[in-house]
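Participant: Please arrange chain B on chain A, whose structure you already have, making use of the hints.
Given next are the chains, with one letter for each unit.
2 protein chains.
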Amino acid sequence: GVRVTLIERFHNLLPEGLDPEMAKKVKERLEREGVALVLGDGVSEIHGEAGAKRVITGGGRVLETGFVVLATGVRASNELARRMGLEIGISGGVKVNSRMAASAHGVYAAGDVAEVRELLTGKPILNPFANTAYLTGRVAGINASGGEAELEGVLRSWVVNLGGFKFGAAGLTEAEAREAGFHVLSTVVTVQEKPVFYPDSKPVTVKLIVDSVDGRLLGAQAVGEGDILEKLNLAAAAIAGGFTIEKLLTLELAYTPSLNEVFHPLLVASDALIRLRERKSRKKGSLA
Amino acid sequence: GVRVTLIERFHNLLPEGLDPEMAKKVKERLEREGVALVLGDGVSEIHGEAGAKRVITGGGRVLETGFVVLATGVRASNELARRMGLEIGISGGVKVNSRMAASAHGVYAAGDVAEVRELLTGKPILNPFANTAYLTGRVAGINASGGEAELEGVLRSWVVNLGGFKFGAAGLTEAEAREAGFHVLSTVVTVQEKPVFYPDSKPVTVKLIVDSVDGRLLGAQAVGEGDILEKLNLAAAAIAGGFTIEKLLTLELAYTPSLNEVFHPLLVASDALIRLRERKSRKKGSLA
Chain A
87 GVRVTLIERF
97 HNLLPEGLDP
107 EMAKKVKERL
117 EREGVALVLG
127 DGVSEIHGEA
137 GAKRVITGGG
147 RVLETGFVVL
157 ATGVRASNEL
167 ARRMGLEIGI
177 SGGVKVNSRM
187 AASAHGVYAA
197 GDVAEVRELL
207 TGKPILNPFA
217 NTAYLTGRVA
227 GINASGGEAE
237 LEGVLRSWVV
247 NLGGFKFGAA
257 GLTEAEAREA
267 GFHVLSTVVT
277 VQEKPVFYPD
287 SKPVTVKLIV
297 DSVDGRLLGA
307 QAVGEGDILE
317 KLNLAAAAIA
327 GGFTIEKLLT
337 LELAYTPSLN
347 EVFHPLLVAS
357 DALIRLRERK
367 SRKKGSLA
Chain B
87 GVRVTLIERF
97 HNLLPEGLDP
107 EMAKKVKERL
117 EREGVALVLG
127 DGVSEIHGEA
137 GAKRVITGGG
147 RVLETGFVVL
157 ATGVRASNEL
167 ARRMGLEIGI
177 SGGVKVNSRM
187 AASAHGVYAA
197 GDVAEVRELL
207 TGKPILNPFA
217 NTAYLTGRVA
227 GINASGGEAE
237 LEGVLRSWVV
247 NLGGFKFGAA
257 GLTEAEAREA
267 GFHVLSTVVT
277 VQEKPVFYPD
287 SKPVTVKLIV
297 DSVDGRLLGA
307 QAVGEGDILE
317 KLNLAAAAIA
327 GGFTIEKLLT
337 LELAYTPSLN
347 EVFHPLLVAS
357 DALIRLRERK
367 SRKKGSLA
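Those protein sequence lines, which keep their order, are chains A and B.
So the first sequence is numbered by our numbering: it starts at 87 and just counts up by one.
So the second sequence is numbered by our numbering: it starts at 87 and just counts up by one.
Treat the hints loosely; a few may be bogus.
Identical chains share a label here; the pair holds if one copy fits it or two copies do between them.
Stated by the list, open to error - No more than 30 angstroms apart at the CA atoms, straight line, and that leaves these computed lysine-lysine pairs for DSSO-like:
hint: 1; residue 1: K333; residue 2: K181
hint: 2; residue 1: K139; residue 2: K366
hint: 3; residue 1: K333; residue 2: K113
hint: 4; residue 1: K139; residue 2: K288
hint: 5; residue 1: K333; residue 2: K209
hint: 6; residue 1: K181; residue 2: K113
hint: 7; residue 1: K288; residue 2: K369
hint: 8; residue 1: K209; residue 2: K110
Hints were generated in silico from the structure; no laboratory data involved.
So that you can see chain A by itself, here it is in the shape it has in the complex (with noise of 0.2 angstroms):
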């Protein structure tokens, strides 16, 4: 084993891409495996020659360590985009409208370097995923040969595989669906994975964000050792279509003892948020 220690310039880790109560839990997991964490602090320094590293934060730490793994966020590289004279987005990506068409006629950008937008809130932003990559290449692709597709938005759906311990996301999270000016509702629930009598039921985590004026679900995520992709997924459907809590909570899901449990976690979460806004609700009510 290689021993790790993990800096993040942020105080909690994917901070892009989970609310920290769901990041807590990619921590913890994390120090189980033995990984040091120095989280609000960033690199300032690098010393040294390969297998001899001297690495010192912003906050004064020294750490010395046998190499170091850069990983520094990701820019649209725009050069030839800008030579070429087409117009930038202000995420820094290739402007494009929904057909992948960039502001010359007949140049189509798409992948990292070109600018989707945000299903739900319609705000232009980089999406450097390969799913992102293949559906936006897709679009530039057959509309370059004179077909027609489109591409409304994107969801940011993401997942990660840590040895058998995943985490992911799909839609906002709570604190952009806030900046974004929607009246957030969430919730997070733990619900064993499948029935406590199989000695491989696993404790899966799922986080909703729902809007708490039409019910309507903004965002998920999920944490787990169980069947997270199938989480994220089924969320990804729901919220881009428009799904409801009210809608979730009558989807009729597949169910099998040996694989999940019979009231599936996105249920557990919209049954949990109706009863949260009926509370809520009614003591606004009593107050006034």
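Facilitator: Chain B only, in chain A's frame:
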């Protein structure tokens, strides 16, 4: 191990849930596991003592066996409802409205005894599965205690797990969709669950059934060793959400190579269906 012979009166396994080409995948797997299959032939007689039974089929086959397991279908136990004078539906289940209220005031029915509506056709059916019992029980309970809840219909989502080999469906089979009057287009795709450079990458087979007029998803079936539940529950949400294959094809799903492929099997199938529809319309055009 126990030597097993499976006798099925119909010519395909699970004729109400899987179309023949998908049922064939299940048949092949059972045969590979050493299960002897007798299809298209029913049991007409069972003789003998515990531990020494003789089974005689309608076709005249004679099988000597240690024990017999019977699975003879499900019928609603509606006797109490009849004695109460409640209206019984054509399925044999207690007739209820979307609030699960039976024909007499203050009486609700839920679970295997209650007739539900198939979501896409509105057809009254029995859907004797745990997930439906849960959904109908919840709605009946809320309404019986003075609340308000409704269940529009069911998708008949189901999944079976045979020691890691899974199969299931959501929505209409192709046969049912045709019978219901839809202009049906369907395809079956077999793709690798995750990139082939993973030694545990397994094939998964997905069938999509869509309306060829508006492209709306009507049903899905999936078979394989991978994450079949994920495909089925995603399909269930897409069916309930009224998704077309065009909408499915731009749905951004989570991806990480250790779990799945970047182009989701449901999107691969949607793409295939869009091409199939184009070829068909071109062919029609050239004949005109």
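Participant: Would you mind marking each hint as holding or not holding in the structure?
Facilitator: Results for each hint:
no.: 1; hint: K333 x K181; in the structure: between (36 angstroms within a copy, 23 angstroms between copies)
no.: 2; hint: K139 x K366; in the structure: neither (54 angstroms within a copy, 64 angstroms between copies)
no.: 3; hint: K333 x K113; in the structure: neither (33 angstroms within a copy, 36 angstroms between copies)
no.: 4; hint: K139 x K288; in the structure: neither (40 angstroms within a copy, 42 angstroms between copies)
no.: 5; hint: K333 x K209; in the structure: both (26 angstroms within a copy, 20 angstroms between copies)
no.: 6; hint: K181 x K113; in the structure: neither (36 angstroms within a copy, 52 angstroms between copies)
no.: 7; hint: K288 x K369; in the structure: neither (36 angstroms within a copy, 53 angstroms between copies)
no.: 8; hint: K209 x K110; in the structure: within (27 angstroms within a copy, 47 angstroms between copies)
When each numbered hint is compared with the structure, violations occur for hints 2, 3, 4, 6 and 7.
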